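Q: The lines below spell out each chain.
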Amino acid sequence: MLLRLAWRNLWRNPRRTLITAASVFFAVVLATFMSSVQEGVWDNMIDNLVSLQTGQLRLERANYREEQVLDNGFEAQDALLADLRSIDGITGVHPRLEGVVLASHTRYTTADNTTPDSTARDALAEAPAAARTPGDRTPAVRAEARTREDRTRIGLIQGLDAKALALRVDRLVAGRMPDLSADVDKTQPQGASPEGQLDAAQARGARRTGQALLGKELAEYLRADLGDTVVLLGQGYRGAIAAQLVVVLGLVDLGNPELNRATIYLPLADAQRLFAASGLWTGVVLEPEPYSNLDALSAEVRRVASAYAPLDQLEADAALWASPTWADMLPEIQQAREADEGGSILVLIILYLLIGFGILGTVLMMTLERRYEFGVLVAVGMRRSRLAAMVLLEGLSVSLIGAVVGLAASIPLIHYMAANPIPLEGSLAETYEQYGFDPVFAFSTAPDIFWRQFITVALIAMVVSAYPLYRIGKLEPVEAMRAG
Amino acid sequence: MNTAARSSAAAPSGHTHAELVLETVNLDRTFQNGPERIHAVSDVSFRVQRGEFTAIVGPSGSGKTTLLNLLGGLDSPSDGHVRILGTDLSALKASERVDFRLHNIGFVFQAYNLIPVLSARENVEFTMLLQGVDASERHRRSSELLEAVGLSSEAERRPTKLSGGQQQRVAVARALASKPAFVLADEPTANLDSTSASALLDIMARLNEREGTTFLFSTHDQRVIDRARRVVTLVDGRIDSDDRRDPDTAGTAKTNPA
Ligand SMILES: Nc1ncnc2c1ncn2[C@@H]1O[C@H](COP(=O)(O)OP(=O)(O)O)[C@@H](O)[C@H]1O
Ligand SMILES: [Mg+2]
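In order, the protein sequence lines correspond to chains A and B. Taking the working numbering, the leading residue of the first sequence gets -7, the next gets one more, and so forth. Taking the working numbering, the leading residue of the second sequence gets 381, the next gets one more, and so forth.
Heads up, none of these hints are tricks.
Pairs of lysine-lysine, DSSO-like flavour, derived with a Cα cap of 30 Å:
{"id": "1", "chain 1": "B", "residue 1": "K473", "chain 2": "B", "residue 2": "K559"}
{"id": "2", "chain 1": "B", "residue 1": "K559", "chain 2": "A", "residue 2": "K466"}
{"id": "3", "chain 1": "A", "residue 1": "K466", "chain 2": "B", "residue 2": "K473"}
{"id": "4", "chain 1": "B", "residue 1": "K559", "chain 2": "B", "residue 2": "K541"}
I should point out that these hints are in silico values taken from the structure, not numbers from a laboratory. Being a predicted model, the structure only gives us computed values, none of them experimental.
Same shape as in the complex, but just chain A (with noise of 0.2 Å):
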């Protein structure tokens, strides 16, 4: 009855309420919008960092995070790999090895098919003498045309497992993925990699040309084109020397000037074998379904990691394993993000203090216009909590009439939106590029971001209800009547 008769209440004024649900209706869409776009940037780019550099959620060596080194690794273990697999609301899971690098390429150019620059001159000018036999001179001369230009990097190794490396398939911009059919190494131990074995596995590995893909960044800094032959030094696991001669098979634009220019994907037995390191993850990479609470599955995957000994002389313990989010692994992001979000939540309060005060106004004027009829309420005996049960009630049907149609018809739209995203042009994708977003307006669809726009109306609509109900407390019938 009290509930028939708010309603009632509602459509007296017909048009004011319609008014007031459409500023709520305006205020929610915008709002959604807002907050989904911003999220929807955010998210794309974390994901881009996330997909690309550190994963949702990952598993590793407690101490590797201090000291992101490949003797911090641990044994590679299939028992671990299938525990971690069937964890509730993990989707993949996929070991990988990284470490760091010198990527070197050298780049032969001959003089007669290049323009003549002033390093090409200097060099034929610096040829060693002896080259210069008289009677033998075409020879030479070509020999000296020909100029050596080494170029080094420090390069950042991603040994990726298959399914991790064909996920990158989109980021590809030239030449091809690795061949991994191919790269099933029978001869390579599993389990660890003893001291003993490392020379005899370093030898098979100068032997064997890897398979890398190159940030396009890098590769253009290396100079080193598609097919080209790329030197990858550095120290591998335990002290023995990492070797090894990988094929630019492909280049990758990562969406990241930072990433381009120093990451090297290699498959994961070609990044174990460049370390000596066969049988060494330096992670696992999880998988969690979209939205998931990382924290509560992070909890879990170490507690599944607590049955396993890292390496086989060390115990089986939880405290060995961390398994941080990427919100762990990239602070200065998650930072960036709060800062940025801070900032517009600065523009929804004036959103919001402008649809508050429009409610306000509506819901004063139902009170003030009707204070006679309170007043023949309260006198023939309903209670003024009563009465102002029921102006609440009219004044968060108004709101929320509003909120739930701006829902119904933010939703679709930005479902719509996330799944076609606008791209964007110009010095603005420029812009967002540099800074490692997609140039595209990415939407989120998280449902945080619709939930909390209804409870803060509804929130705002019962502060804004506040008045009215105080002036309903102090209510005197004889005042009210009187007044008419």
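For this one, chain A is given, so just place chain B with the ligands on it according to the hints.
A: What follows is chain B with the ligands alone, placed relative to chain A:
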């Protein structure tokens, strides 16, 4: 619902032939209007027995509305007491007073008594609803009351579709729905034409005769005054006269106030 009100309603009045429903003792109500002190009601003492049909009469500004507000517990006296069925209203807290009104007093105001978004029937049922009367009983009683005020065919109409006289009749029906000890009506006919006014008075008088409903209404309309069995005249907030008449003779046998 209100046990205090109910138990006092059951309390014996001490009279054998007539039950005392209302009693005021030296009632005073003053208003401070700037520097001016207005004695709207001064030293009013009188009693109402169950079944009386009383008019409070006086020119505009004589204190009729103020007095009725005090009697109905809508206003508090500056001095003196109002006792209804033995309960002193000043002893009740604000929320208790609302419940007391709901269960013991029916109200009819000069105009705009009804909730505009409810039908005539829903308006009549409203106080029963507040009392927690169940739906079938509400329906039975509202039908009965609407018939008593001659509006059975208008039951589903909203107030805006009713004439002023019809609206006041619905208000009377609503006032009776909660089975109050008495009905207070402040100038119920003031906004009505004489035909409607007379029809309303007919209904009130009939309810008084047949059901024994106690009515206390204010008016300054001579034709309405003529229908009353007892006429209390106010002059400047004081009782000037209190006349009881024979129901059969519409005469003016004046008796001095006690
Ligand atoms: N709330 C109030 N504040 C000040 N003066 C009031 C108030 N209510 C009534 N009065 C004064 O009290 C007197 C009696 O008023 P009222 O009871 O309305 O008379 P009536 O109903 O007989 O016309 C008038 O002089 C009126 O101005
Ligand atoms: Mg009056």
